[in-house]
Amino acid sequence: MTKIDRYILVLFLRTVFVCFCSIAGIFIVFHAFTSMDDFVKMGQKQDGLVPVMARYYGPYMLLLFDMTGAIITLLAFLFVVGWLRRTGELTATLAAGISHGRIFKPMIIASFCIVTLQLANREFVLPGMRDALSMKAKNVKDDVEEVVLPCYDKTNGILFEGHSLHVKTRTVKQPSFRLYGDYGDYGDLLMADTATWTDATATHPAGYLLKNVSRPERIDQLPSMGTAERAILLTSRDQDWLSPRECFVATTVTTDLLSKDQSATRLSSVMELAARVRNPAVRSSASVHVLLHERIVRLPLDFVLVMLGLPLVVNRRQRNLFVMIGIAILTVLFFFALKTLSGTMGSSGYLMSPAFAAWVPLLVLGPFAYVRLLEVQTL
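Quick note on the working numbering: the sequence shown kicks off at 926 and runs consecutively.
These are computed hints drawn from the structure, not numbers from a lab. Be aware that a few hints might be false.
In silico DMTMM-like pairs for lysine to aspartate or glutamate, Cα to Cα no more than 25 Å straight-line [to be verified]:
| # | residue 1 | residue 2 |
| --- | --- | --- |
| 1 | Lys1030 | Asp1056 |
| 2 | Lys1185 | Glu1300 |
| 3 | Lys1136 | Glu1171 |
| 4 | Lys966 | Asp1056 |
DEER-style ranges, computed between Cβ atoms [stated by the list, open to error]:
| # | residue 1 | residue 2 | range |
| --- | --- | --- | --- |
| 5 | Ala1021 | Ser960 | 24 to 34 Å |
| 6 | Phe1049 | Arg1103 | 15 to 25 Å |
| 7 | Gly1053 | Thr1303 | 43 to 53 Å |
| 8 | Arg1011 | Leu1298 | 36 to 46 Å |
| 9 | Leu1288 | Lys970 | 30 to 40 Å |
| 10 | Ala1199 | Gln1099 | 56 to 66 Å |
| 11 | Thr1041 | Leu1299 | 17 to 27 Å |
| 12 | Ile929 | Leu1074 | 48 to 58 Å |
| 13 | Met1277 | Gln969 | 20 to 30 Å |
| 14 | Ala1125 | Gly1053 | 17 to 27 Å |
| 15 | Ser1212 | Gln1099 | 28 to 38 Å |
| 16 | Leu1298 | Ser960 | 23 to 33 Å |
| 17 | Leu1298 | Gln1099 | 33 to 43 Å |
| 18 | Pro1052 | Thr959 | 34 to 44 Å |
C-beta: ideal position from N, C-alpha, C; glycine also.
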């Protein structure tokens, strides 16, 4: 790497950092202004105002980076080129016989690294912060209580309902599980004080542990039920690990599917979305299929968005910086309009399948961005 490469790379990364801090600062100022009373109260109860705000806004900064990383990279690309052109450094370098492609190579590689960092953040960091991202300012440490979204288990014939869902503890308060299969003496309803999601272990599959079961009343006298392949309802009569008045319901309907806040779905990783689509117990809507394929093509699509800025900075006409930014904004608007339109059509099943709808923006804009990337090597 030459000195000019290091100079351009440092200038580009510094511009990306400043742009992100500017957007993050605006977000924090406007949001904190409307929630300052809650933060002050929580700060008095806990370890101070600054730590409380850091715990609350920390995950949101990662989410903001995921949402704006590609756009910020595109704007930083334009700012750096405009600066180099204004100082005459770009003209001097071109006069030495160096192509635009060679000059911009450090920024192109850095742009790809940034969208790759977005991918790592999206797949490995954000899924673990879904609970924090669903909290209100007054619930920085408290367990969030949500309304339960009823979900039907097609495999077992059970409709999962309840009074409320506690996100952190993955517990349903006052669960009401309706049994639509042939469950004999269990009747048509399971009621208890709590139902806590439990991951699979060596002694039982994944499912809900119901405590203080009130219906059916003779739960401890009923034998476990299931099929030859799997267990469904387990009781203390033949399960030593269960206590009296406890019942275990084996299912693949997790608490994420019972959450009314569907932002948890959008923050899931590709593997989690694929597992949900393959889950035979629940019906996945077309929008979930579109979301899965959008996440698969997100990395190349973000890089395409950055490369769409190349025609703005590499041209025969010396455009004004503000003109380039204006055209870049229109380019971003067209990019997201195409992405939104195709996603909506795929979700509604109009003219295209969910999988094809997610790939349309890449199929339309990808070749154009690739051609411009090749052309810039010789200009």
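Hint by hint, work out which the structure violates, then give me just those numbers in ascending order. Those not satisfied are hints 1, 2, 5, 6, 8, 9, 10, 13, 16, 17, 18.
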